[in-house]
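Participant: Given chain X, put chain V in place with the hints provided.
Respectively, the protein sequence lines represent chains X and V.
For the record, in the first sequence the residue sitting at position 93 is 170 according to my numbering, with numbers rising by one throughout.
For the record, in the second sequence the residue sitting at position 39 is 44 according to my numbering, with numbers rising by one throughout.
Note that these hints are calculated values from the structure, not bench results.
Treat the hints with caution; some may be incorrect.
Stated by the list, open to error - Simulated pairs of lysine to any residue, SDA-like, Cα-Cα distance not exceeding 20 Å:
no. : chain 1 : residue 1 : chain 2 : residue 2
1   : V       : Lys105    : X       : Thr187
2   : X       : Lys182    : V       : Gln113
3   : V       : Lys99     : X       : Asp126
4   : V       : Lys99     : X       : Gln115
5   : X       : Lys177    : V       : Asn78
6   : X       : Lys119    : V       : Pro13
7   : X       : Lys177    : V       : Gly56
8   : X       : Lys182    : V       : Pro44
9   : X       : Lys177    : V       : Pro66
10  : X       : Lys182    : V       : Val65
11  : X       : Lys177    : V       : Val55
12  : V       : Lys105    : X       : Thr87
13  : V       : Lys14     : X       : Ser117
14  : X       : Lys182    : V       : Asn78
15  : V       : Lys105    : X       : Phe123
16  : X       : Lys182    : V       : Met46
17  : V       : Lys14     : X       : Glu116
18  : X       : Lys119    : V       : Ala29
19  : V       : Lys105    : X       : Ala156
20  : X       : Lys177    : V       : Arg73
21  : X       : Lys182    : X       : Gln122
22  : V       : Lys105    : X       : Asn130
23  : X       : Lys177    : V       : Lys14
24  : V       : Lys99     : X       : Phe123
25  : X       : Lys182    : V       : Gly82
26  : X       : Lys177    : V       : Thr91
27  : X       : Lys177    : V       : Tyr69
As a plain string of letters, each chain reads:
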Amino acid sequence: GESVGLHLPTLSVQEGDNSIINCAYSNSASDYFIWYKQESGKGPQFIIDIRSNMDKRQGQRVTVLLNKTVKHLSLQIAATQPGDSAVYFCAENSGGSNYKLTFGKGTLLTVNP
Amino acid sequence: NAGVTQTPKFRVLKTGQSMTLLCAQDMNHEYMYWYRQDPGMGLRLIHYSVGEGTTAKGEVPDGYNVSRLKKQNFLLGLESAAPSQTSVYFCASKAGINEKLFFGSGTQLSVL
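If we strip away everything but chain X, and leave its shape as in the complex, we get (with noise of 0.2 Å):
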């Protein structure tokens, strides 16, 4: 199975709620992960990462957080907004080469006016 999985396949959300968008990986000797954002027609796109020596990392109206102990990502968007909606994966360095990325299979987030 996938090594990186999502807890929530969809999310629909208020506009100015929070959200979060949470995943979960198997691999314990992952060292760096990624979040991106991919909008109906396009490429992903990059949001936020996270190295292993890191628990937290903020961004322009995001937060990533991970916890290695339970081997969980999450990534919390706030005063999400109607350009928000998109689907959202997480990728984790996967192999014992690095150069690979292994992609969970997303979730989708709608958010309502």
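Facilitator: Then chain V, alone, in the frame of chain X:
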């Protein structure tokens, strides 16, 4: 600076036909990748390259070949297309290990 450019954007093939998808990046990245994206399957790695003249297999390499003759280009070939290769194909590149991937806008391929 165009980033990662894929051509063509759309293509329809008949079973057994061949074609080449072109990926070009202008960021001087060492690593380049080809993924396919199918509904409910996420992004799956087909082939990748860690530098000019090198290629390696990913998760789903069967039915595809690649070449990296120039650092800026990564070509994905289908020698004999099959309906199972109907998918959206994404090229990506990055500067180094543990760096973020930059993606192209994708190629929608249908094999009839």
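Participant: Any hints from earlier that this structure breaks? Give me their numbers in increasing order, please.
Facilitator: Of the numbered hints, 1, 12, 14, 19, 23, 25 and 26 do not hold.
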